[in-house]
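Since the structure of chain D is already known, use the hints to place chain U on it.
There are 2 protein chains.
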Amino acid sequence: MAQPRIDFSQATPPSSIIIENVEPILDCGRYPVKREVGDLLEVSADIFKDGHDKLAAWLLIRRAQDETWRRIPMRLVENDRWTASAPLLENTRYLYTIFAVPDRFATWREELSKKFAAGLDVALELREGLPLLEASAATTDPPDPEFARVRAAVESAKDQQSAVDLMLSPAVEALMAEHLPVDGGTRLATELEVTVDRVQARYATWYELFPRSAGTVEGRSGTFDDVIARMPAIQQMGFDVLYFPPIHPIGKVNRKGPNNTLHAGPADPGVPYAIGSDTGGHDAIEPALGTLDDFERLVAAARAHGIEIALDFAIQAAPDHPWASTHREWFHIRPDGTIKYAENPPKRYEDIYPINFNSEAWAGLWHEMHRILEIWIERGVKIFRVDNPHTKPTIFWEWLIAGIQRDHPEVIFLSEAFTRPKVMKALAKAGFTQSYSYFTWRNYKQEIIDYFTELTQTNVKEYMRANLFPVTPDILPVILQQGGRPAFKLRLLLAATLSSVYGMYSGFELCENTPVPGKEEYLNSEKYDFKVWDWDRPGNIIDYVTSINRIRREHTALHEYDNLRFYWADDDNMICYGKPAPNGAGGVLVVANLDPLVTHQGMFHFLPEDFGVPAGQDFRVTELITGQRFTWNGGSHHLYLDPAWEPGLIYAIHPSQHVDYIDPSG
Amino acid sequence: MAQPRIDFSQATPPSSIIIENVEPILDCGRYPVKREVGDLLEVSADIFKDGHDKLAAWLLIRRAQDETWRRIPMRLVENDRWTASAPLLENTRYLYTIFAVPDRFATWREELSKKFAAGLDVALELREGLPLLEASAATTDPPDPEFARVRAAVESAKDQQSAVDLMLSPAVEALMAEHLPVDGGTRLATELEVTVDRVQARYATWYELFPRSAGTVEGRSGTFDDVIARMPAIQQMGFDVLYFPPIHPIGKVNRKGPNNTLHAGPADPGVPYAIGSDTGGHDAIEPALGTLDDFERLVAAARAHGIEIALDFAIQAAPDHPWASTHREWFHIRPDGTIKYAENPPKRYEDIYPINFNSEAWAGLWHEMHRILEIWIERGVKIFRVDNPHTKPTIFWEWLIAGIQRDHPEVIFLSEAFTRPKVMKALAKAGFTQSYSYFTWRNYKQEIIDYFTELTQTNVKEYMRANLFPVTPDILPVILQQGGRPAFKLRLLLAATLSSVYGMYSGFELCENTPVPGKEEYLNSEKYDFKVWDWDRPGNIIDYVTSINRIRREHTALHEYDNLRFYWADDDNMICYGKPAPNGAGGVLVVANLDPLVTHQGMFHFLPEDFGVPAGQDFRVTELITGQRFTWNGGSHHLYLDPAWEPGLIYAIHPSQHVDYIDPSG
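Protein chains in written order, with the numbering used here: chain D, 1 to 666; chain U, 1 to 666.
Just chain D, same shape as in the assembly (with noise of 0.2 Å):
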């Protein structure tokens, strides 16, 4: 700023290349950008410079570990726009930046060429272009003799016409262009960074489960083994990642009982929440569920059902855990000696000391956190849903993140925050893989058409990728409490197609929806109790959470995120919204009714052109619940939903050039 710092000793002048508008970009560069491995990264940028000097760039890229960097020609699109793209092959991270410099021989060619073209004596311009040679035959060393050749050619050229000739061929253009001079040339100031994930970051489909309600006798802890034999359960549903709240030693001191009641009996189990007893504590494992052998069978079991395990990750302790006597330091210790309870003032939570960020000892804790993950990671444990992370540093994350990831590029984690919206963008930001979202309390139209375009469309998706859960353990919203069975069929198909990673809470299958009265609580909640299953409940909707999964795996349309637009739908109560497949190849569009009480009827409008149907061409759609097959013509078409039968359709759309016969049987 201010007056720009020149160096006059410089023999040329600092370069006048400009490079602007990069994008993707976060923040200036401060953060990276998120890919997944298999992706392109294209890339852009204004690049220009004063006068009509014709230019290059080069995208530059290397992967964060690496000291050399790929060059990749940069392509002028229009009005100084430049854009290459890179393809993303690893799960790593990677550098990625610009550099721009004067073509100075395709400025030369063009003036040769118009002058010739124009009849003009242009001797002095092809002696002009000697030094041109040179210039890029400096470059190489040793010095490539194809130069020498040209310049000999031109040189001995039998007239004006053979020199021109020459001197505008292809082979002399493509020589030229390897071989171009960098001087005066500009590199942007910052290296900016992309995240590249494993698909799983992107496409995933969870199920969460408190292990301890897998079990068969009431009254009774599940164990690890109960979970195991769940699995194929699980697996038959179509879910492929398995999350558990903390499988830690739950607190003894100040156990709560039932229904978050202050004292518990000497058969209540505790919340999970409150991790560590004399057993143990983030490196243990609670005992009633089995041992450190059963959770590597219970991992190992899961692989072979296609299924992960993802654990929480909760950085809190019972007042029983082992830090509370061997790491004092890491708490908010009150005047009297005591440690302070997690409160929420005037609330109280006795079974629950937060940790003491600000510490003197902030050092060893951070170390700490890390040695756990490690732990658990070499445990096979590669997904961690972290509880809570917006009352931690964030800076704590962005450092623990990039650790972690550094050696374990394919780590995932999810932040459970829905507290304020720059604060979960932050923690996005600073590196959480994927993130919960306000989701779980969108139900009417056009609150879900402003927040899926914000997430979907605008520069969020560079970071955020929003992990939709219509409930927690935490949450039981009024939807679903009113709307009964088909309120659990429709947020599920919104959950499952709205982004191309959503979870799902055990007991949803159940459409279990008795609440605390009066609030967006589950009554006698897992969180506080041991809890038994009949997973053949009547009313559940096992096969519809079958079907939408099989929907979701066969439609690879699905399994992207940015690719979300909504239509017009007349109704208001009714939701269109598709997901074309990449390059044209269909792809699948949803209409819902968000009412799940009423049913409600009208017309939708989406844009054939948006799934590479030709505009007036038939084509054939298939309803992905139901089979019923159609053939459109055009985007606008009338629907009937009673939510009572289906509360949405996901329609496949397949474009093709021509139909013929459709087969009424199907």
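Check the hints yourself; a few may be wrong.
Where chains are identical, the list cannot tell them apart; a pair therefore holds if satisfied intra-copy or between any two copies.
[Claimed, not checked] Derived DSS-like pairs: lysine-lysine, alpha-carbon spacing no greater than 25 Å straight-line: (1) LYS252 / LYS158; (2) LYS340 / LYS422; (3) LYS54 / LYS422; (4) LYS340 / LYS54; (5) LYS115 / LYS519; (6) LYS340 / LYS115; (7) LYS340 / LYS445; (8) LYS114 / LYS347; (9) LYS347 / LYS115; (10) LYS340 / LYS114.
Everything labelled a hint here was simulated from the structure, so no lab data went into it.
Chain U alone, transformed into the frame defined by chain D:
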């Protein structure tokens, strides 16, 4: 990026406060934003941290030449957005940044207050407050005894109620807020810059004149004395900047003749942009115009009429410019030893040598440009219109303008660049005070709305001030060739009201519109010849110009740039826009018929609320061109506009609480 570097040897962890989305900011702080003396700089940012701690934040601001920051408290607006305003009282550059800290006392106060209100014992909380007192006391040197007094009063309080009352008292709140410890604070990583120009950068009315055309004898050069004689007429019309194309000696070698013919006759005066001859270069005066003394008299005479002189700064040389012999190294030397002419292949401009900004002698060239400007500044010129800046390096302009303005902050630079949009914007970012614009070719409603919305309602307003010229010596747009007098009135009205700064090239008031057939150029252009004008020529719009400029002077809403608001007009030929005055104190509304040939009529619909008129209330309106007066209610009105009568009207909106009686005689 990547893993943040953390210094684990520190006793306290890094700050977890995040400051982001700062406004105003230009290209991540790479360039300054622009304001004018008397403005308030409103700075806002998202500021937040993990958890529920309260924060305090300050805007830090200082003049670039000072060392000490001024601290202005920021205020939480909503949703983690903070704001503060700083008055910009001086024509200089300021730096600003943001500093935020955890307000531990405010956090503690809230906790204490909630718990005490809930009837809890807060003895421990009160003890936890004492170290906060000490931390604040430690920020004062010598220690402020007030803190010890508070501590003693708390410790000796007769009951908890008294102690709590004291610690929650406004007096203690103020004391603590004044001495907030800054540990755990974050300062924005960048220092941002704002160029505060004098008001004339935003609000000025330019008149452009070839001095040699100010004369009264055919075939003879007008002189500076002729210009002095014109001064009262120019002042009378309401102009306050008088801009001359180059007044330096005109080259004699390869001089152009009338209408850009290749060879000049002995009496032909040549093109003023072919600068330099045996009588001198950029620091000299064309002898036919007068002497340096005459010029200085002219500057003084202008000043006496409230008019500033603006000079052209065209960095190029005629073949007989002194530089061509003394500084051959500043030119492009061809293989045969000749200097290269200006070209647009295959066209050549043999009367002009362009300057080579890439030569090894660039440093001397840059400093010579600085020296030349200093010479004219010393002679009283504080405004430069820069010719073709887009063919010289942008970094050069950034260096030159910042260097000049460091010593002469009052100097204004107008960028003459009608080139690619990004190049024009880059010049404005690099420091040009004002910019030419595409207004000259924007004639239709939607293109005017789109362009001026971009200029005045997006980030572009932070750095670019469009100085609107309906014509230039190079451009006579088709609408004026075909639309005649109504078109001249229309385009003047638009220029004078769409921007707060506009310029009129002499002859416009005479509706001069004879083109070179088929081109947007003037026939017998002043660029190539002497010219004698009849300033009272029939059909002139001198009275119109005078009254538009009077309206501009009298209505401060027209002195502002970014207060432009477009409103709906039913007819596609009619445009409606307003410029509300600050603080809802009325303002100005323009309705125009963009078709200079045909009468159009229709409803227009503005928002009286934008002008401080309460909904539903009557308000008074004065049409400023015709003097008609109305009482209106609501923003929808009908207008019939015959361009032969008036192409557009300007309504002054007078909000008033009660309108009891309007005198029909005015």
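We went through each hint and held it up to the structure:
Taking the shortest alpha-carbon separations for LYS252 and LYS158, neither the intra-copy value of 99 Å nor the inter-copy value of 40 Å comes in at or below 25 Å. Taking identical chains as interchangeable, the C-alpha atoms of LYS340 and LYS422 are never at most 25 Å apart, the minima being 28 Å within one chain and 58 Å between chains. For the identical chains of this complex, LYS54 and LYS422 are inter-copy neighbours only, at 16 Å across copies versus 43 Å inside a copy, given an alpha-carbon limit of 25 Å. In this homomeric assembly, LYS340 and LYS54 come within 25 Å of each other (Cα to Cα) only across copies, at 19 Å, whereas the closest approach inside a single copy is 67 Å.
Taking the shortest alpha-carbon separations for LYS115 and LYS519, only the inter-copy value of 24 Å comes in at or below 25 Å, while the best intra-copy value is 81 Å. Taking the shortest Cα distances, LYS340 and LYS115 sit within 25 Å of each other only across copies (14 Å), while inside one copy they are farther apart (84 Å). Taking the shortest Cα distances, LYS340 and LYS445 never come within 25 Å of each other, neither inside one copy (44 Å) nor across copies (67 Å). For the identical chains of this complex, LYS114 and LYS347 are inter-copy neighbours only, at 10 Å across copies versus 81 Å inside a copy, given an alpha-carbon limit of 25 Å.
Taking the shortest Cα distances, LYS347 and LYS115 sit within 25 Å of each other only across copies (9 Å), while inside one copy they are farther apart (84 Å). Proximity of LYS340 and LYS114 under a CA criterion of 25 Å is satisfied inter-copy only: 17 Å between copies versus 81 Å inside one chain copy.
Against the hints set out earlier in the document, violations occur for numbers 1, 2 and 7.
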